[in-house]
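Just so we're aligned: the sequence shown equals residues -18 to -1, 1 to 214 in mature numbering (1 follows the signal peptide of the UniProt record, and there is no 0).
It should be emphasised that the hints constitute simulated quantities derived from the structure, not laboratory data. Just to be clear, a hint being listed does not mean it is correct.
[Said to hold, decoys possible] Calculated lysine-lysine pairs in the DSBU-like style (CA-CA distance at most 35 Å, straight line): (1) Lys192 x Lys80; (2) Lys63 x Lys184; (3) Lys8 x Lys202; (4) Lys8 x Lys168; (5) Lys8 x Lys190; (6) Lys168 x Lys115.
[Stated by the list, open to error] For each label pair, taking beta carbons as the anchor points, the in silico distance ranges come out as: (7) Lys20 x Tyr74: 30 to 38 Å; (8) Asn6 x Gly186: 18 to 26 Å; (9) Gly177 x Ala16: 26 to 34 Å; (10) Thr18 x Gly87: 40 to 48 Å; (11) Ala167 x Gly25: 18 to 26 Å; (12) Lys207 x Ser68: 30 to 38 Å; (13) Gly183 x Ala210: 17 to 25 Å; (14) Ala176 x Pro105: 16 to 24 Å; (15) Ser46 x Glu157: 20 to 28 Å; (16) Asn188 x Lys20: 33 to 41 Å; (17) Gln84 x Lys26: 33 to 41 Å; (18) Asn6 x Asn156: 25 to 33 Å; (19) Gln84 x Ala9: 33 to 41 Å.
The beta-carbon is built from N, C-alpha and C at its ideal position, and this holds for glycine as well.
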Amino acid sequence: MRFCTIYTALVFSGVASAYQLPANLKAIYNAHKAGTCKKALSGKSSSGAVFCGDIPNALFLKGSSGNYDNMDIDCDGADDKAGACSNDPSGYGETSFKDTVQSYGISDLNANIHPYVVFNEAPYFNPQKYGMKPLSVMAVVCNNQVWYGIWGDTNQEPTTGEASIALAKLCFPNEHLTGDNGHGAKDVMYIGFAGDKAVPGKNGANWKTKNTQDFEASIKALGDKLVAGLSA
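Between the sequences and the hints, there should be enough to build the whole structure, so can you do that?
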């Protein structure tokens, strides 16, 4: 019993630090919230956001003055009708990078387990043209905290601001989000990083876990390193 208590405390104390918004990231969030994107890399999505290149070595979604983007819920992948995804009207049974994920030892990403971001704007914008790699680590500023996710899926329509139910529950645990009920406020900042340095690969993340917190903990060190390199 004592061992279990200590183990749980260690796991959650490690993940708890992910809630803390680093000073540089807080400054970036505040600095870019007002105004509009100066270096737009795409047109406006259906939610009114554009992919923006105003931060060196990063891509992020920026809405109108005072806004970023919302968080709609994605349930694609393995067990797409399980848990809080049971009422999802548009779930799809696989994610865009399923073939690569299978080489990591799992059948596909699971929206109820893996905190992933849907990050593109079909057919107008592909982040890979700007150096982002599939299944790379991303930073998500939400609810005055930061969580790390992976670029795990793409849309087939011009919409942005979508993440797995697992990531949504980390960001907004008290909003009772489901596959048919997302976070509507445009206050979420999604940040992607270019280059191989952002890709954890097969051995850099706990892909096989059945627990969101364990997966989050496995990519935290890489996420912290990527965020530490950001500047406004």
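Gly177 versus Ala16 beta-carbon gap, inside 26 to 34 Å or not = holds (29 Å)
Between Lys8 and Lys168, is the straight-line Cα distance small enough, at 35 Å or below?
-> holds (17 Å)
Does the Cβ distance between Asn188 and Lys20 fall inside 33 to 41 Å?
-> This hint holds: roughly 38 Å between Cβ atoms.
Agreement of Lys168 and Lys115 with the hint, judged by alpha carbon distance not exceeding 35 Å | holds (25 Å)
Quick one: are Asn6 and Asn156 within 25 to 33 Å, going by C-beta?
-> Roughly 27 Å apart at Cβ, these two residues keep to the hinted range, so it holds.
Range hint 18 to 26 Å (beta carbons of Asn6 and Gly186) holds or violated = For Asn6 and Gly186 the Cβ distance comes to about 23 Å; the hint holds.
Should the hint that Thr18 and Gly87 are 40 to 48 Å apart at their CB atoms be regarded as holding?
-> holds (43 Å)
Cβ-Cβ distance between Lys20 and Tyr74: within 30 to 38 Å?
-> Given about 35 Å between the Cβ atoms, the range holds.
Could you say whether the range 16 to 24 Å given as a hint is met by the Cβ separation of Ala176 and Pro105?
-> holds (21 Å)
Could you say whether the range 33 to 41 Å given as a hint is met by the Cβ separation of Gln84 and Ala9?
-> holds (40 Å)
May I ask you to test the hint 18 to 26 Å on the CB atoms belonging to Ala167 and Gly25?
-> holds (23 Å)
Proposed proximity, Lys184 with Lys63 (alpha carbon, max 35 Å) = The hint holds at about 26 Å.
Of the numbered hints listed earlier, not one is contradicted by the structure.
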